[in-house]
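Asks: The sequence shown: position 36 = 36 (UniProt numbering), numbered continuously.
Be a bit skeptical, because a hint or two may be false.
To be verified - Ranges between beta-carbon positions, derived for each pair:
no., residue 1, residue 2, range
1, E46, L23, 40 to 46 Å
2, F12, I51, 18 to 24 Å
3, L23, K52, 25 to 31 Å
Calculated directly from the structure, the hints in this document are not laboratory data.
Cβ atoms here follow ideal geometry from the backbone N, Cα and C, with glycine treated the same way.
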Amino acid sequence: MSKPYDRVEWIFIKRMMLKLGFLYNWVNLIMRCVSSMSYSFLLNGEVCGNIKPSRGFRQ
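Generate coordinates for the entire structure from the input sequences, incorporating the hints supplied.
Replies: Next comes the structure, spelled out in structure tokens:
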């Protein structure tokens, strides 16, 4: 069960970076990097799955 404070949403991170004065182009580059990543896992020594997170970062 997920609690409200278990995750940091990507839109929150983006807004905070902009509010802290980071350049818009830099923020967009960072957001593209973190939101386009995907995860794979090993099962019995073989790479399986390709999971793309859709909500944000776990704390």
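Asks: It remains to establish, for every hint, whether it holds in the given structure.
Replies: Taking the hints in turn, this is what the structure says about them:
1. Separation of E46 from L23 is about 42 Å and conforms to the stated range, judged on CB atoms against 40 to 46 Å.
2. The hinted window of 18 to 24 Å between F12 and I51 holds, with their beta carbons roughly 22 Å apart.
3. As the Cβ distance of L23 to K52 is approximately 27 Å, the hint placing it in 25 to 31 Å holds.
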